[in-house]
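Chemist: Read off the chains here:
Number of protein chains: 2
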Amino acid sequence: MKVLIVFAHPEPRSQSLNHSLLKVAINELEKLGHEVKTSDLYAMNWKSNLDADDFPLFDKKHDRLKVNPESARAFKEGKLTDAVLEEQAKLKWADFLILQFPLWWYTIPAIMKGWVERVFSYGFAYAVNISKDKPHGDRYGEGLFQGKRAMLLVTIGGPETGYSETGINGDIFDILFPIQHGILFTPGYQVLEPYIIWRANRFPEESFPKAADDLRQRLRDLETDEPIAFRLQNGGDYDKRTLVMKPEAFDPKVRGLRIHVKK
Amino acid sequence: MKVLIVFAHPEPRSQSLNHSLLKVAINELEKLGHEVKTSDLYAMNWKSNLDADDFPLFDKKHDRLKVNPESARAFKEGKLTDAVLEEQAKLKWADFLILQFPLWWYTIPAIMKGWVERVFSYGFAYAVNISKDKPHGDRYGEGLFQGKRAMLLVTIGGPETGYSETGINGDIFDILFPIQHGILFTPGYQVLEPYIIWRANRFPEESFPKAADDLRQRLRDLETDEPIAFRLQNGGDYDKRTLVMKPEAFDPKVRGLRIHVKK
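Residue numbers (the working numbering), protein chains in the order written: chain Z, -5 to 257; chain P, -5 to 257.
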């Protein structure tokens, strides 16, 4: 497989837990015969702020910046910035996408959020094939990345108990939902269970070999692991216009975001 | 009251829906006799990427960037950047915080996420007063901003039905939980129900006066509105060490992130 790892960690040297895990991942993936490309966002000094400079056709003097139409026009006419075109080419190249990051304030770091905002253009990662029959287009299981797989590789400072079903931080499934479902499943990726390191802020060196072995095991199963069974937008479970799930589609005993996973 | 509005929208001119709402908010708040300060992040060309440059004491040549300890040291010794110190001063000044933004990829724009990451320092907005009795410190309802209030002012491209309890985008309460609970309630803010504009991408001009009136009404009630009843971390509902909610504290019929709201 072709694997793209998008990596966000500010440590400029390679001794951090995240860099060590990245090295383990790259080595194991190559050992398994996969091709690996990495987008190390901090090393690339990635520009995070989506703004008028992302749209070379945009006339700052006279136009009003409406992000969606501007993004649509730039993508359609191939007039995005080189930095964005390069990342889009990597995404088209890759069969498997790994987003690796420390969980900061309950989501991805700003630099990775800015990568999503700038690279996931209108017509590329959202608002794809909108039609009478599909008023919301190919989205949530369909779209450009349909048939590809993705996984989060996350380090979290707190203990796992705080992210359990009744933990104060919020069930980790719910906390990651906007990323796994909202960012990855939207353009079509099948999303595997995340690989998570807990208590990363106080991670003892002697625990690293075991963590590395667990990660290697996960990477060996990339092609065969069962993805999270998120429901297709256009698969019949949701009303195509209102996007509300049909009553007959889910078990009323299930509540919260887990209803979007098919049992 | 003293009100700080942190605003994130890339439209450089003031005709956008978000800018129009911002103007309505500022005018109404001042008419009500409140003092208003605004942090217009795009206008400030806010640096989003948290990195070594945020820590003037950090020795790039010899040190390893460990964000938490570095942030703790910089805050403790008052050696943060001027940009960050200025925002922290505004937060200490304000009784009420409004975060205004378009919902992009199910969360705040990267530029606002970068504001949180850089301004919410260790010891300032998290890891406050950690002690034997409070192993996780003053957090979730306690902390520097205890007694202050906050509210989200959000524009969302999609229809409200998609964000209903069984809507495909995810229940808006759950989607906003990492922001309202994870970012605002963590340092102690009481969080009011959000003000949301739906279908913002196709918002008809003729609907603006009604939206502006609704916003003005919400702003008149800032001081009296009931906040979302998130449970205190140290209020007895959660085990102080594991952070897991005590079985007797919640109704087993309630599922998902809503269990963190006291009925």
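One should not assume that every hint holds.
[Unchecked claim] Within a straight-line C-alpha distance of at most 30 Å, the following computed BS3-like cross-link-like pairs (lysine-lysine) qualify:
{"no.": "1", "chain 1": "P", "residue 1": "K17", "chain 2": "Z", "residue 2": "K60"}
{"no.": "2", "chain 1": "P", "residue 1": "K55", "chain 2": "Z", "residue 2": "K240"}
{"no.": "3", "chain 1": "P", "residue 1": "K55", "chain 2": "Z", "residue 2": "K41"}
{"no.": "4", "chain 1": "Z", "residue 1": "K17", "chain 2": "P", "residue 2": "K73"}
{"no.": "5", "chain 1": "P", "residue 1": "K257", "chain 2": "Z", "residue 2": "K247"}
{"no.": "6", "chain 1": "Z", "residue 1": "K256", "chain 2": "P", "residue 2": "K247"}
{"no.": "7", "chain 1": "Z", "residue 1": "K240", "chain 2": "P", "residue 2": "K257"}
{"no.": "8", "chain 1": "P", "residue 1": "K41", "chain 2": "Z", "residue 2": "K73"}
{"no.": "9", "chain 1": "P", "residue 1": "K54", "chain 2": "Z", "residue 2": "K41"}
{"no.": "10", "chain 1": "Z", "residue 1": "K31", "chain 2": "P", "residue 2": "K234"}
{"no.": "11", "chain 1": "P", "residue 1": "K54", "chain 2": "Z", "residue 2": "K31"}
{"no.": "12", "chain 1": "P", "residue 1": "K240", "chain 2": "Z", "residue 2": "K257"}
{"no.": "13", "chain 1": "P", "residue 1": "K41", "chain 2": "Z", "residue 2": "K41"}
{"no.": "14", "chain 1": "Z", "residue 1": "K247", "chain 2": "P", "residue 2": "K55"}
{"no.": "15", "chain 1": "P", "residue 1": "K17", "chain 2": "Z", "residue 2": "K54"}
{"no.": "16", "chain 1": "P", "residue 1": "K257", "chain 2": "Z", "residue 2": "K204"}
{"no.": "17", "chain 1": "Z", "residue 1": "K41", "chain 2": "P", "residue 2": "K73"}
{"no.": "18", "chain 1": "Z", "residue 1": "K54", "chain 2": "P", "residue 2": "K240"}
{"no.": "19", "chain 1": "Z", "residue 1": "K31", "chain 2": "P", "residue 2": "K41"}
{"no.": "20", "chain 1": "Z", "residue 1": "K(-4)", "chain 2": "Z", "residue 2": "K234"}
{"no.": "21", "chain 1": "P", "residue 1": "K126", "chain 2": "Z", "residue 2": "K55"}
{"no.": "22", "chain 1": "Z", "residue 1": "K234", "chain 2": "P", "residue 2": "K204"}
{"no.": "23", "chain 1": "P", "residue 1": "K257", "chain 2": "Z", "residue 2": "K55"}
{"no.": "24", "chain 1": "P", "residue 1": "K60", "chain 2": "Z", "residue 2": "K247"}
{"no.": "25", "chain 1": "P", "residue 1": "K247", "chain 2": "Z", "residue 2": "K17"}
{"no.": "26", "chain 1": "Z", "residue 1": "K60", "chain 2": "P", "residue 2": "K54"}
{"no.": "27", "chain 1": "P", "residue 1": "K41", "chain 2": "P", "residue 2": "K126"}
{"no.": "28", "chain 1": "Z", "residue 1": "K54", "chain 2": "P", "residue 2": "K31"}
{"no.": "29", "chain 1": "Z", "residue 1": "K17", "chain 2": "P", "residue 2": "K55"}
{"no.": "30", "chain 1": "P", "residue 1": "K126", "chain 2": "Z", "residue 2": "K60"}
{"no.": "31", "chain 1": "P", "residue 1": "K17", "chain 2": "Z", "residue 2": "K41"}
Because the hints were derived from the structure by calculation, they are not lab data.
Chemist: Each hint needs a verdict: does it hold in this structure or not?
Modeler: These are the hints, each one checked on the structure:
{"no.": "1", "hint": "P:K17 with Z:K60", "in the structure": "holds, 18 Å"}
{"no.": "2", "hint": "P:K55 with Z:K240", "in the structure": "violated, 59 Å"}
{"no.": "3", "hint": "P:K55 with Z:K41", "in the structure": "holds, 24 Å"}
{"no.": "4", "hint": "Z:K17 with P:K73", "in the structure": "violated, 33 Å"}
{"no.": "5", "hint": "P:K257 with Z:K247", "in the structure": "holds, 20 Å"}
{"no.": "6", "hint": "Z:K256 with P:K247", "in the structure": "holds, 21 Å"}
{"no.": "7", "hint": "Z:K240 with P:K257", "in the structure": "holds, 28 Å"}
{"no.": "8", "hint": "P:K41 with Z:K73", "in the structure": "holds, 25 Å"}
{"no.": "9", "hint": "P:K54 with Z:K41", "in the structure": "holds, 21 Å"}
{"no.": "10", "hint": "Z:K31 with P:K234", "in the structure": "violated, 43 Å"}
{"no.": "11", "hint": "P:K54 with Z:K31", "in the structure": "holds, 27 Å"}
{"no.": "12", "hint": "P:K240 with Z:K257", "in the structure": "holds, 28 Å"}
{"no.": "13", "hint": "P:K41 with Z:K41", "in the structure": "holds, 9 Å"}
{"no.": "14", "hint": "Z:K247 with P:K55", "in the structure": "violated, 57 Å"}
{"no.": "15", "hint": "P:K17 with Z:K54", "in the structure": "holds, 22 Å"}
{"no.": "16", "hint": "P:K257 with Z:K204", "in the structure": "violated, 43 Å"}
{"no.": "17", "hint": "Z:K41 with P:K73", "in the structure": "holds, 25 Å"}
{"no.": "18", "hint": "Z:K54 with P:K240", "in the structure": "violated, 56 Å"}
{"no.": "19", "hint": "Z:K31 with P:K41", "in the structure": "holds, 27 Å"}
{"no.": "20", "hint": "Z:K(-4) with Z:K234", "in the structure": "violated, 34 Å"}
{"no.": "21", "hint": "P:K126 with Z:K55", "in the structure": "violated, 59 Å"}
{"no.": "22", "hint": "Z:K234 with P:K204", "in the structure": "holds, 29 Å"}
{"no.": "23", "hint": "P:K257 with Z:K55", "in the structure": "violated, 52 Å"}
{"no.": "24", "hint": "P:K60 with Z:K247", "in the structure": "violated, 44 Å"}
{"no.": "25", "hint": "P:K247 with Z:K17", "in the structure": "violated, 45 Å"}
{"no.": "26", "hint": "Z:K60 with P:K54", "in the structure": "violated, 40 Å"}
{"no.": "27", "hint": "P:K41 with P:K126", "in the structure": "violated, 37 Å"}
{"no.": "28", "hint": "Z:K54 with P:K31", "in the structure": "holds, 27 Å"}
{"no.": "29", "hint": "Z:K17 with P:K55", "in the structure": "holds, 22 Å"}
{"no.": "30", "hint": "P:K126 with Z:K60", "in the structure": "violated, 52 Å"}
{"no.": "31", "hint": "P:K17 with Z:K41", "in the structure": "holds, 29 Å"}
In terms of the numbered hints stated before, the structure departs from hints 2, 4, 10, 14, 16, 18, 20, 21, 23, 24, 25, 26, 27 and 30, listed from lowest to highest.
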